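Peer 1: Chain by chain, the residues run as shown.
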Amino acid sequence: MLAFIRRTVVGVIAAACLSSVALAQQTTNTFDEIIKRGKIIVGISLSTPPYGMTDANMKPSGFDVAVANLIARDLGVKLEIVDQVSQARIPNLTTGKVDIVISSLGITAERAKAIMYTNSIYVDEQMIIAPTASKLDNLEALVGKRVGVTRASTNDTIITQKAVQGTNIQRFEDDASTNQALFTGQVDAIVSGVAAANAINAQTDKFARKFAVRQSPMGIGVRRGDYDLHQWLNTEIMMLWSGGELQAAQKQWLGIVNEDVPRF
Amino acid sequence: MFQQFSLTHVQFMLTGLGWTIGLAMIALIGGSIAGSAIALMRVSVNPVISRLAQFYIFVVQGTPLLVTLFIAYFGATYLGISVQPIVAIAVAFSFYAAAFLGDIWRGAIQSVPKGQREGAHALGLGRADTLIHIIVPQAVRIAIPPTVGFFVQLIKNTSLASVVGIVELTRTAQIVSNATFKPLEVYMTAAAFYFLVCFPLTLVSRGLEKRLKS
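For the protein sequence lines, the chains are A and B, in the order given.
Counted the way full-length UniProt numbering counts, the first sequence spans residues 1 to 264.
Counted the way full-length UniProt numbering counts, the second sequence spans residues 1 to 214.
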């Protein structure tokens, strides 16, 4: 029995090693493959307005979708959008389920260990939003207050890092729930991007931006090692910027136009 | 920019409901087939087979379905296999359901009084005949309530399918809620849809129980 188990384990490990070698060898060039199949598969979360959402006819729309459309147009291929929940954004990319991820993906050094980022397509500012009457002007003022944030977003990362001891951070599943918590008074303030703040102000003026916590550049996620695709996308972003099309998409969907986007 | 919660949204959620029902059917059928095998292995007189089934039940019941789904979908890629979302779901849900159904049905088979088995043997019936003609018909009646209870749970668990990119009922509710910023209305509608699917199942189970009792 023991020998059998040992044989099985050795067999499985050997098979895994062999197949991972095979996988490494067959690593095709994603850029060539996109052109060959005439279609780019882009991962976008459709539950993150105004980046990814659905229009009145339930078709994908938003800033991320607009950028994806421009990229597909300039590659001369069809666009296929794969809806993804936020925790599937990086696994979908690393396991090859999608070619690239344009999904309000904030750039962090931690995430950059798993995937490659293109140059930034938008720089968001992470704000504290609270009832207009409240006096929450800095991080110290948040001590003892309930601060709502969307789980696993860069908003979550930054407030977790910067919050003064004693701040009560409450995490919600998505932006709609975070905003709803603010509207119903379950939290005293929320951390959110400028675009989301604009969206809230479009509905009501009972809530206002208090102060900025940090700038948050967003990029397109590419699989590690896909240098051809990475280089093409950076070229494309530069061209879209100098042609003013990226700014137009920012204006249309986010209501703000960056003065410049950081490049590296 | 934000839309009013409208009929278009409800229609979109209905397509999600379609996926939810489809996924539940796959899980029920796959799980029932594999679950019967596990239950039979579990009541086998061969200790190795019985232990093997017990080990399987331990492992799968002790693992969250979400993790099983992640392994089936993303993990398979590392073994060099590219899986379609629907295949990953069929595999993960069938494995999951088999462990629970196998244990429920094992319990039902074993709770048939020993005298029935001994009586059947005394009448000269073999092991297989005893199982098919004497034990299983009685076990079915015992198994119905927990089985339906598990089926209802399984239907609701299909909401996990959104991690592999299937836009089922809960995911449509998320999307609509984020487009309309009306979470309460949207999730109440989703809850009503789930109820409409699960409640008839409970009624059927009650009816079956009554019929089999008389």
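Treat the hints with care, since some could be wrong.
Stated by the list, open to error - Take a look, some chain B residues computed to stay more than 12 Å from chain A by CB distance:
hint, residue
1, Q3
2, I26
3, G30
4, A90
5, Q116
6, A128
7, G165
8, R171
9, A173
10, V176
11, F181
12, V186
13, V204
Claimed, not checked - The calculated BS3-like cross-link candidates involving lysine-lysine, where the alpha carbons are at most 27 Å apart (straight line), are:
hint, chain 1, residue 1, chain 2, residue 2
14, A, K206, B, K182
15, A, K59, B, K210
16, A, K145, A, K78
17, B, K156, B, K210
18, A, K145, B, K210
19, B, K156, A, K251
20, A, K206, A, K135
Please keep in mind that the hints were generated in silico from the structure rather than gathered at the bench.
Just so you know, these numbers come straight off a predicted model, no measurement behind them.
Ideal placement from N, C-alpha and C gives every residue a C-beta, glycine not left out.
Peer 1: Should the label of I26/B as a non-interface residue stand, given a Cβ cut-off of 12 Å to chain A?
Peer 2: Holds, since 20 Å exceeds 12 Å.
Peer 1: Per the stated criterion, does the least C-beta distance between R171/B and chain A lie above 12 Å, as a non-interface residue requires?
Peer 2: violated, 7 Å
Peer 1: Take a quick look at whether K206/A and K182/B sit within 27 Å of each other, Cα to Cα.
Peer 2: Status holds; Cα separation ~17 Å.
Peer 1: Using Cβ atoms and 12 Å as the threshold, tell me whether V176/B really stays out of contact range of chain A.
Peer 2: Non-interface label on V176/B violated, nearest chain A Cβ at 8 Å vs cutoff 12 Å.
Peer 1: Once the closest CB in chain A is found, is it more than 12 Å from V186/B?
Peer 2: violated, 9 Å
Peer 1: Using Cβ atoms and 12 Å as the threshold, tell me whether Q116/B really stays out of contact range of chain A.
Peer 2: holds, 35 Å
Peer 1: Would you check whether the claim that V204/B is not at the interface survives, using Cβ distances to chain A and the 12 Å cut-off?
Peer 2: The assertion about V204/B holds, with a minimum of 33 Å to chain A.
Peer 1: Is the claim that G165/B lies outside the interface with chain A correct, judged by CB distances over 12 Å?
Peer 2: Violated, since 5 Å does not exceed 12 Å.
Peer 1: Checking the smallest CB distance to chain A, is A128/B really beyond 12 Å?
Peer 2: holds, 28 Å
Peer 1: Find the nearest Cβ of chain A to the Cβ of Q3/B and say whether that gap is larger than 12 Å.
Peer 2: violated, 6 Å
Peer 1: Quick check for students: does the CB of A173/B sit more than 12 Å from each CB in chain A?
Peer 2: At about 10 Å from chain A, A173/B fails to clear the 12 Å cut-off, so the statement is violated.
Peer 1: Are the Cα positions of K145/A and K210/B separated by 27 Å at most?
Peer 2: Judged against 27 Å, a Cα distance of about 56 Å means the pair is violated.
Of the hints listed earlier, those the structure fails to meet are numbers 1, 7, 8, 9, 10, 11, 12, 15, 16, 18 and 19, in rising order.
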